[in-house]
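S.K.: Residue numbers (the numbering used here), protein chains in the order written: chain A, 1 to 354; chain B, 1 to 354; chain C, 1 to 354; chain D, 1 to 354.
These are computed hints drawn from the structure, not numbers from a lab.
Fair warning: this is a prediction, and the values are worked out from it, not measured in the lab.
Even glycine gets a Cβ: it sits at the ideal position worked out from N, Cα and C.
Be careful, since some hints might not be right.
As the list claims (entries may be wrong) - Not the full set, but computed from the structure, chain C residues with beta-carbon under 10 Å of chain D: (1) 54; (2) 176; (3) 318; (4) 326.
There are 4 protein chains.
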Amino acid sequence: MLIVMRHGATEAEIQKVVAVIKEMGYQARPMPGAQRTAVGLVGNDGRVDASRLEGLAGVQEVIHVSKPYKQVSREWKVEPTVVRLAGAGGGGGGGGVTVGGTEVVAIAGPCSVESEKQIVTAAQQVREAGAVILRGGAWKPRSSPYSFQGLGRPGLKLLARAREESGLLICTEAMDAEGVRWVTEVADIVQIGARNMQNYSLLKAAGRCGKPILLKRGLSATVTELLLSAEYILAEGNQDVILCERGIRGFDPTTRNVFDLTAIPVVHKLSHLPIIADPSHGTGLRDKVIPMARAAVAAGADGIMVEVHPDPEQALSDGAQSLFPDQFAQLMREVRVIAEVIGRRVAEPAPVGA
Amino acid sequence: MLIVMRHGATEAEIQKVVAVIKEMGYQARPMPGAQRTAVGLVGNDGRVDASRLEGLAGVQEVIHVSKPYKQVSREWKVEPTVVRLAGAGGGGGGGGVTVGGTEVVAIAGPCSVESEKQIVTAAQQVREAGAVILRGGAWKPRSSPYSFQGLGRPGLKLLARAREESGLLICTEAMDAEGVRWVTEVADIVQIGARNMQNYSLLKAAGRCGKPILLKRGLSATVTELLLSAEYILAEGNQDVILCERGIRGFDPTTRNVFDLTAIPVVHKLSHLPIIADPSHGTGLRDKVIPMARAAVAAGADGIMVEVHPDPEQALSDGAQSLFPDQFAQLMREVRVIAEVIGRRVAEPAPVGA
Amino acid sequence: MLIVMRHGATEAEIQKVVAVIKEMGYQARPMPGAQRTAVGLVGNDGRVDASRLEGLAGVQEVIHVSKPYKQVSREWKVEPTVVRLAGAGGGGGGGGVTVGGTEVVAIAGPCSVESEKQIVTAAQQVREAGAVILRGGAWKPRSSPYSFQGLGRPGLKLLARAREESGLLICTEAMDAEGVRWVTEVADIVQIGARNMQNYSLLKAAGRCGKPILLKRGLSATVTELLLSAEYILAEGNQDVILCERGIRGFDPTTRNVFDLTAIPVVHKLSHLPIIADPSHGTGLRDKVIPMARAAVAAGADGIMVEVHPDPEQALSDGAQSLFPDQFAQLMREVRVIAEVIGRRVAEPAPVGA
Amino acid sequence: MLIVMRHGATEAEIQKVVAVIKEMGYQARPMPGAQRTAVGLVGNDGRVDASRLEGLAGVQEVIHVSKPYKQVSREWKVEPTVVRLAGAGGGGGGGGVTVGGTEVVAIAGPCSVESEKQIVTAAQQVREAGAVILRGGAWKPRSSPYSFQGLGRPGLKLLARAREESGLLICTEAMDAEGVRWVTEVADIVQIGARNMQNYSLLKAAGRCGKPILLKRGLSATVTELLLSAEYILAEGNQDVILCERGIRGFDPTTRNVFDLTAIPVVHKLSHLPIIADPSHGTGLRDKVIPMARAAVAAGADGIMVEVHPDPEQALSDGAQSLFPDQFAQLMREVRVIAEVIGRRVAEPAPVGA
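Take these sequences, add in the hints, and give me the full structure.
M.R.: Okay, structure coming up:
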């Protein structure tokens, strides 16, 4: 940490900064410059509260040299984290799927679980095309209290049914600590949605649930904040965190969000955690999902999460951004080749009955 | 709602849109234009899911003519909502304070409750200067799991103690449904923080808690989304919602946030709910708090929320944006005159012992 | 400047950084830290190109401790710049107006010059209400090539006519170097618009034109970039630069722009140049102009720039954000009181015939 | 265009809107709705000024149904524009290159022209790897007046020299109308930089220069604004416009810009003009350029523009985002395969001496 003094800061002001740093238990190293003095804080263990220093007289700004996160960083763990997904019953069809290694995984399915027929059909269709994980919301966070909010616990049962039928792994969202308990009973991956990325009560519950977590980037979250939210989960003892880029807020109303694919190589450099991309929410428009899913894999994503609905025109939510099943199949064919260009391969579902 | 067809959309595509609208229970009114046809959806009750229409063949875009919120809108209720704050014990010092009428209220105090001495001293100091409500967090949402997270329930007891000593009303934050129950026992206003603006489980709990709610605007929330989150609270039966502008995410690192004061007249036009402004979080810098608090009142805010600490240099959180008590007193003097310019007056604390 | 090395950077990499700094003519000061080494660059004269250092092996990031601008900074000149506006003919009605001292100036008038009657009437109306400078565009930068682009040179003649009739000073925009020559013949202040804030050919021409410059902040410009653009003008020898906040790009379509009033105290701290605010473009909505103009003065703006049209419903451009003359008169009454609260006073036009 | 009236707008207010629309020469079609009335404006030829209607009493908002641009739209011209690049001397090495057809072109070279040796070496290196067009700035728009501003006209001569040596086509930037004249003498493509995207004097000069134009998206430009700026060029008679996504302003300081690759399929849908992507400026970081260049091609870009320097550590500008020549060669190998996945192929330079 570097405390930059104002041009013309007095010696007394500099000494006060030095004294406060020492009082906080660190070493202070003043560095006079041509235009102003800076004071280095040495020994930063990631717990220094800059706020106290920022407010001192004569201080112009405090510059963070160390990253504020710890366990999620590449410096803490150089090797990439490979999340191993255990199929239900310990040894099911999805038992061999990994996220963060050489495989690129496809997570696909409808926005929300609507009926047994819908979710089972969707599961079979996306499996056929090459997905290994089924997505589908039992609880849906919606901006309006009057929009469809999901089936709730009955939706979880339908997901379990779809897993039995298809052999796919299940990824579904929990919206509060109570929901984490319910979701954990059924899901192979517990999703934390973008709106809840800084819901710390929920993050702590996720950290203690014993299942891998899919943590979506908040609409206005920096990569640093995304990693700090993941740090909450690791700090509770859960190492199996998969990050997800799903679009950030931008100024252009042409697309729902700005799909920030550069976050993928950025995260890979700063952290050992895997990161996937969700072009359905990232763009909000069906005909943009296919090119941007390809782009995500070309950028190095560890997986893609795509909304696919057996009949998008009848969907209860997000119909306009859901792919038709045959569009998804075409996408998977393209994505397989692109993965190979960069030395990876798309994870394939186990043969039915395996 | 207006469904705009693409240039060159076929008659069959237009008829499909008309049919779907009718199937959804509304009237459809096609309007051929010079360049393209649009189809008006008449009878929108605020529950139409545009997504189903957006995905139909030949549709270029769906334009929302009606607002997606209902009970929070000026059209639902023309008269401004005046939130009446009942002092503890029914008739205490704060019993007469209102938010949203002609009065402008000052909410002030430290970022977080640190000790009895700190919070009681702060309460007395801000009361002396003219605040009628004490702020102070018992639970603090922090980006890093390693930062000070607040005293928790013991902090609530200290707030109760400060109220007894000062006669001020109490405003403090709840971070989950369990927290709402605890906070409700002590606080006169339950705060929902910016990071939780779209934590719907929390909003629903707030809607059922029986106390006025202070709902802070999320970092990347549009005014429409802020109003929709308020709608969640009203939909549960709680009409006493005070909104709060506290800065939105921007691209310039010079200030922590962009303090969007225009949101104040915008909310006043769209909604009957009161809105206050928090220049401490809005700017993140002590020397910007005073001019921007004045600006907030000049823009028509129903109140200001300001961080004041007896000794900012020793604060456990947000020290750099906390005012010294004498700065706050000076601010209150300026704000009183500005309020009068626009036909309002600053609410004054009841005489001690009243 | 501080060059932060990656955790685990080798000694050779650190020495290479030291060597390059020396080769560039500065001193290098390595500082080993708990987690990584940083190398201070001492002697930075504002001309160091960080890019060369950023690309070296082992470098994590380069942190700018010194500001990149020079002559516009408070450190270069502590006293605020007071721009003295000389009336045409040396001693006209506006001869005594200053921007950046204790006075708060009002610049008002229509978006564009449309006819002699329109501009002369507008001049008389805004003068009556208390403006000292008339605004009005002869050239209008418009997003669409098919929108009204202004009257051009004939518009300048009409502005000259309005000055004769009203005694007001004239502020009008130039869009290229040739336009600067024409505008300089007539205007008392040459305006550079937001879209041209980084049009460096234009900035250099403005720096050599011999008239005060009003430099508007670009839609996505940081305060640092605004100050760097002003530096281009000062570097050509023109000290009389007035900055203008006029709204930045944001994510909420409710208002045209985000009116970033915090930029006012921020600029006042970093620079000696005066800064005014334009709530008409800042909000884009007539009924938001009045509260936000009040807020700008409360935040410490050295002036306000407001669109006023004799008949807004007939305006050829920006009608929806132009005030009616009587609204402007009411605004000026409110603004006079607010200016006094913070120890300033609104500049009044000289008596007619003075 | 749809004029939405406020809830409770009077019949007189609605009739006034109808009257103004007719006075403007269009048809008005009132549509009473459940909550409010809307008035359709029929016959919009793209020249309607909404501002006049927005300001009328009782009007809530004006919704644009038609696109504001014309000649650049898909509706004006369904077939994609294929820009044919004529080599200097009519028949040189680049004579057969096209942008916007099935070929994907690579434009590569240093940020700025520094010396004959540097630019000729760079040209040979990027040609070897597979680029068909050489980039390199003779004039450089720099935020600071103290940064290297380019060699100016002597730089153009060096570019001509590099073309002779390598057979590559030349793309270089012009910063004002005078610069357009000079650049046109040498360049095969005249570049308009991001900061000048709304410099209308420059756009008009570009529209009359007789050479293909590369128009970069401004930092805070919406896609609509980018297309409107292109419309300025087409309106002057120049159809050969290539758009370029190069990153937009975002809130996360981790990368210089947000590289908005979704703009590629968005532009392809709205317009017939080709669009390429510049990952060097889009990300600002060398190790992000390669994955994001791959992603751009996977997303459907008609080309990529990449900064490559023979010795990035010695570059006078943008060294940290310039690729080493062997990195660029590796990138080209990967990009060739990805292009084929989506039915395209990378344009190859003509054999030397052809």
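S.K.: Indicate, hint by hint, whether the structure satisfies it.
M.R.: Outcome of the hint check:
| no. | hint | result |
| --- | --- | --- |
| 1 | 54 | holds (3 Å) |
| 2 | 176 | holds (4 Å) |
| 3 | 318 | holds (6 Å) |
| 4 | 326 | violated (15 Å) |
Of the numbered hints stated above, the single one contradicted by the structure is hint 4.
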